[in-house]
Amino acid sequence: MATPASISDAATTTATARWYRRFALPERVLHALLMVTFIGCALTGLPLIFAAKPWAEALAHLLGGFESAGIIHRVCASIMIAVFVTHIALVIRRAIVGKDLLGILWGPDSMVPQWRDAIDMYRHVRWFFGLGPRPQFDRWTYWEKFDYWAVFWGMAIIGGSGLLLWFPFFFGNFLPGWAFNIASLVHGEEALLAVGFIFTIHFFNGHLRPEKFPMDTVVFTGRISEHELRGERAVEYARLQATGALAQKEAAPPSFSARAFGWIVGGTALALGVVVILLILYSVVF
Amino acid sequence: MLRSGRSITLAATTRWVGALLCIALATAVAAKPAPEVDVNETCLACHGSAGFSNAAGQSVAVDGAAFVKSVHGELNLECTACHADVSPAKLPHPEKLAPVDCSTCHAEQVKQYATTVHGMARAGGNAVAATCTDCHGLHDIRRASDPASRTNHANLEATCSKCHGNEALVKTANLPGGNIDRQFHDSIHGRLLAGGARAADAPTCTSCHGAHNILAPTEVASRVNRAHIPETCGGCHQAIYARFSKGQHGRLRNEGNPGVPVCTDCHTAHQIQRHDLPAFQVAVIEQCGNCHNEYLSTYRDTFHGQVTKLGYTSVATCASCHSAHDMLPASDPNSTISAQNRVETCRKCHAGASANFASFDPHASRHDKARDPLYWYAAKFMDWLLIGVFAFFGIHTVLWLGRLWIDKLRGPKGG
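Same order as they appear, the protein sequences are chains A and B. Take the first sequence: its letter number 246 is residue 246 in the working numbering, and every next letter is one higher. Take the second sequence: its letter number 381 is residue 381 in the working numbering, and every next letter is one higher.
Keep in mind that the hints were calculated from the coordinates and are not lab data. Any given hint could turn out to be false.
Claimed, not checked - Straight-line Cα separation of at most 30 Å, BS3-like style, residue types lysine-lysine; simulated pairs:
1) B:K96 <-> B:K69
2) A:K99 <-> A:K145
3) A:K145 <-> B:K380
4) B:K69 <-> B:K90
5) B:K408 <-> A:K145
6) B:K369 <-> A:K53
7) B:K69 <-> B:K171
8) A:K53 <-> B:K380
9) B:K111 <-> B:K96
What the hints assert, rightly or not - If you want a taste of the chain A side facing chain B, the calculated C-beta under 7 Å gives, among others:
10) A51
11) F180
12) N181
13) V186
Stated by the list, open to error - Now the stretches of chain A that chain B is said to cover, found in silico as 3 or more residues with beta-carbon under 8 Å:
14) 60-71
15) 117-129
This one's a predicted model, so the numbers in the text were calculated from it and none came from an experiment. Cβ coordinates follow ideal geometry from the N, Cα and C atoms, glycine included.
Isolated chain B (complex conformation) (with noise of 0.2 Å):
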């Protein structure tokens, strides 16, 4: 007896047990539609295999793993976070879904990004315009400190190169300023941030232009426009900023004139090569005489400017006189140029230079009278001296060649 009522008891209480355990999960299933349902791996158990493709065969595959270390993995997010139109209850999703919204939770980036040149061009239908998966990939978006994310200081500049380094997409799309990674790599910048002990404070492509206010550099408000170029570069360089700001070309600036050069006149915007190289130094001459072309002209007839424009850098050119960043003019007694600085700097490299050498004008000019009166009579009598030789002795070489050839035509004879 005690045995059947003891099972009878055990039966009715598994019977309970079993009953209020149906009544919780019932209530469960009613309050969280899937609690046992991931949506993640519901969505992966399709999307999860490397060779799943839509109805027009393009791969519509998705690296489970990926999404996983991904930012948003780390956030536990669903794919139903982004994909806001698709229901795991109404599956299959329909073949073609709304493009994801990215301003749904990163609405102020996305409100930046349209005002930009990416996102204009994009508005304006410009079909390979980067938007936000070109930069930050699709899935496997990672936070920018992590080193392998695209958008990784160490990264960007691939990032950014595979639009503005691809040969191809820069013709077809006309992208402004050519292949920028060409120029950019072996810059001083790009070869700092290739590698070694300075890579981290190298600066990238956004630490001039920007990541989501990227503006074309005609317009005002950029930060790579003309008005603005010395304050983006001054950001590192801040004592080469000061000596700029202090010469007469910064004077100019502030005062307003937007004809003076700023940093990228001189050193370029991508292909920035370090100051001592020949080829910068060589280079830059011609850049000073975009503006100051008379002078570059009397420089060309002078031995400095001669062994230059052949190439070597051992002698005097524009900067080794006028200094490189903050050049005065010579009536400034700060110039390096001035009277009383120039024996000084004359010295620099002769060392023996006196005041009667330093007197010497390094921009004499042949076709300016008033400048330097003797140079000019100089010329005129060499001019005069080489028209007149030559003149006279040309005439004289043609007349008796002409003479010995009408001699031998007409056969030997006396004369």
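One chain only, chain A, in its complex shape (with noise of 0.2 Å):
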């Protein structure tokens, strides 16, 4: 069955529908934070890319000038730089202390790209064209994890770039001038794909599309709704359901709190991207 779950049909439902865990709390921290500092970024940044273009210099003005939004940039960054530090280390922890490696490396709840994803793809896109069934998923959908270490590469590229342009006295001590023209050139343009990427794709996929629409509060609240669990990811309802492990996820429904943070939150960080996107769609048009 995939009837779209919207959220008010969940919410209209919360009294009777049973709600499973998705996100523990220390993820749905780290992506409440991940989002707050990649639009601090985006918006501090973003004028720099369109200089030319008059709505850059207001949205500078009326972040205090460049001065103050450089700093404002580089506090997000910084934080940003540290919920990233803080995920490897859960990681780690889930590793050594949970003894997951393998359950990070493979299978269901692992991150990892695998030939399944491959396979979901390939069954995605058929039912795209009308060619086969809508293709059900775990855990973790191969958008998903593109994603998951989309971030990785960003950070990688935006922080690493980043980081030379912010201490280039130290990094000048042992790179060459070419370093520096490229840490700029690419800070830029990853920062270009980064905020447009997250404010279309994962957006649409996340939020926007009609199923999902005006935007799917899981990672606030942590909990998903049996009647979305059951809709999107037959699989691992199924798989929960013959390990027994369906029941140690049920949670009680999501709190009014939650609720209203995810979408006071998410509803605010959801309208600065997409008026993020249309700005740079005006900008390349005109």
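Grab the two chains, each in its own frame, and use the hints to assemble them into the complex.
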């Protein structure tokens, strides 16, 4: 069954439906911090890339001038790096304390791309063309894994080049001038890629597609309804049922405050992202 | 008897004196037609009344008091010195008089005027082009040294602006350069001129354009022709002129290259701003780019270029690295960007700059493979990465959305 499970649908059935844990608290906090600092970096960085556009000048002034925008950019970047490091630490803890190295590297709870992801994608595209049934997914879909690894790539490219540009005297001790040229090039280009990707593709995949529209609060509340779990991740549902892990994952419905937080913070982020995309499109077209 | 004889003598004497006086008077009248009749008073008898007008109703009144204080009044010139076709003996004079010919006395100035932009425009039938009286006035002409003079240093801006700052006239007469006073008044020169200790030294219109020799800037002989601008400005800005002459622009100019920029190309002619104003610093970057367009374009790809584009000037502009007037090519050891001086130049802002730091290419081009091969490859890689990701997921998203809509239109069914 693939009936769209909209948020309003889920909200009205809160009282009766079962809910399951999808994201633990540290993951939700890290996502929220990543989201806020990402938007912070985007808003303070984009005026430079689109410096010739009137909106860029207005935004730079709104942020208190380019010096103050630069401070906000560095503060957000630092928090973002801390988020990344924390995540790596949590993965290492899961490997050592949780003794789950194998689960990290392989299987349904692993973010590592697997053969199954290629098949999922093939089936998904077949379904796009009406050549097959809509595929059912396990815990992590191939596009979610792409999003996840994109953060690693982005961290290396934007984070690395950003540090180079932030501490040029230090890096100048052992890096030649062209390294700074390339750092400033890839910092901006990769930022455009990240901003463009998150605010369109990630937004569509996670929030804006008709089944989720206007947004999916799962990453804020951590809870997924039985309706959605069975609707989109039937493989995971069946697997959890078979292993008996489903009962362990069952949780209370998301509290009002958790849902309100998701709607307000997530909604603001969505709105800002859409505005940024419109500004970029405007700048590219005109 | 005595008494009567005495009275006879007295009467005779009186007659003699009277006769002598009459002869003297008659002689005097014959020698000088009107020694007691003041010409100017005669004229002012009519023209001195404020409401005096001609048949057409136009005022032909003359302020006698103002004339007395004028340079011509000071010299006790009579009205007829200028209005030569009027004779006080034959009054009233004809309604229509010949135009006053200033060249009767000021032959040199009038001759020179005929060759100027104003004189030639007049000769060409332009009825509003400035003539003697437009700048000097009519009956109240004062010496230029007189603070009340229209041609005094302090008043020239206002005098020229009667036409060149008159919005209506600027339009109807299509005056070159538009409303000059609007541009000049708030310029650094205009502000200095407006008052303060340096007002007397500040240049006014004639300082650059001349007075009786004003030529169109297109005329080779004009002081404001491109060929002479550095010398005209250098008349005051001698130190800058010396630096400019030593720089690449000045060198090429001395070699006869007419394309090099002169002062006004960067500073403008009338709107000259203080060099430390952000608005000027931001604007002058674009001026450099008029010729060095490929360097402007690569500069705009750097942090420096982006920040200045946003209007902030706390980062390097062209002049920060290349210097403002004596810029030299990197190949010249004296250049601020030569291999020898580059690190020092970077250190003006980046105190900790090393040789590695200074080997950053501030004009790296993503289109110039020969100049920066690694940069070029990095740019190509990023281009294809962006194109690849957006193309793949763009199509993925559109297909997904299309399928969802198609399914929705067909009604809910499994799939």
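Hint check:
Taking the CA atoms of B:K96 and B:K69, the gap is about 27 Å. The hint holds against a cut of 30 Å. A hinted pair counts as satisfied when its Cα atoms are at most 30 Å apart, and A:K99 with A:K145 qualifies at roughly 22 Å. As the CA atoms of A:K145 and B:K380 are separated by approximately 26 Å, the hinted pair is consistent with the 30 Å bound. The hinted pair formed by B:K69 and B:K90 meets the criterion: a straight-line CA distance of about 28 Å does not exceed 30 Å.
Distance restraint check for B:K408 and A:K145: the Cα-Cα separation of roughly 28 Å lies within the 30 Å cut-off, and the hinted pair is therefore satisfied. Distance hint between B:K369 and A:K53 is fulfilled; the C-alpha atoms sit about 28 Å from each other, no more than 30 Å. For the hint pairing B:K69 with B:K171, the CA-to-CA distance comes to about 36 Å; that exceeds 30 Å, so the pair is violated. For a cut-off of 30 Å, the pair hint linking A:K53 to B:K380 stands: about 25 Å separates their Cα positions.
For the proposed pair B:K111 and B:K96, the alpha carbon gap of about 26 Å is at most 30 Å, so the pair holds. Checking A:A51 against chain B: minimum C-beta separation of about 4 Å stays under 7 Å; hint holds. Taking 7 Å as the C-beta contact cut-off toward chain B, the hint placing A:F180 at the interface holds, the least distance being around 5 Å. The beta carbon of A:N181 comes within 4 Å of a beta carbon in chain B, closer than 7 Å, and the hint placing it at the interface holds.
Hint on A:V186 holds. Least Cβ distance to chain B is approximately 6 Å, under the 7 Å limit. Taking a C-beta to C-beta cut-off of 8 Å, the region 60-71 of chain A contributes 4 residues in contact with chain B, enough for the three needed, and the coverage statement holds. Residues of the region 117-129 of chain A lying with their CB closer than 8 Å to a CB of chain B number 5, which satisfies the three-residue condition for coverage.
Comparing the model with each numbered hint stated earlier shows that hint 7 is the single one that does not hold.
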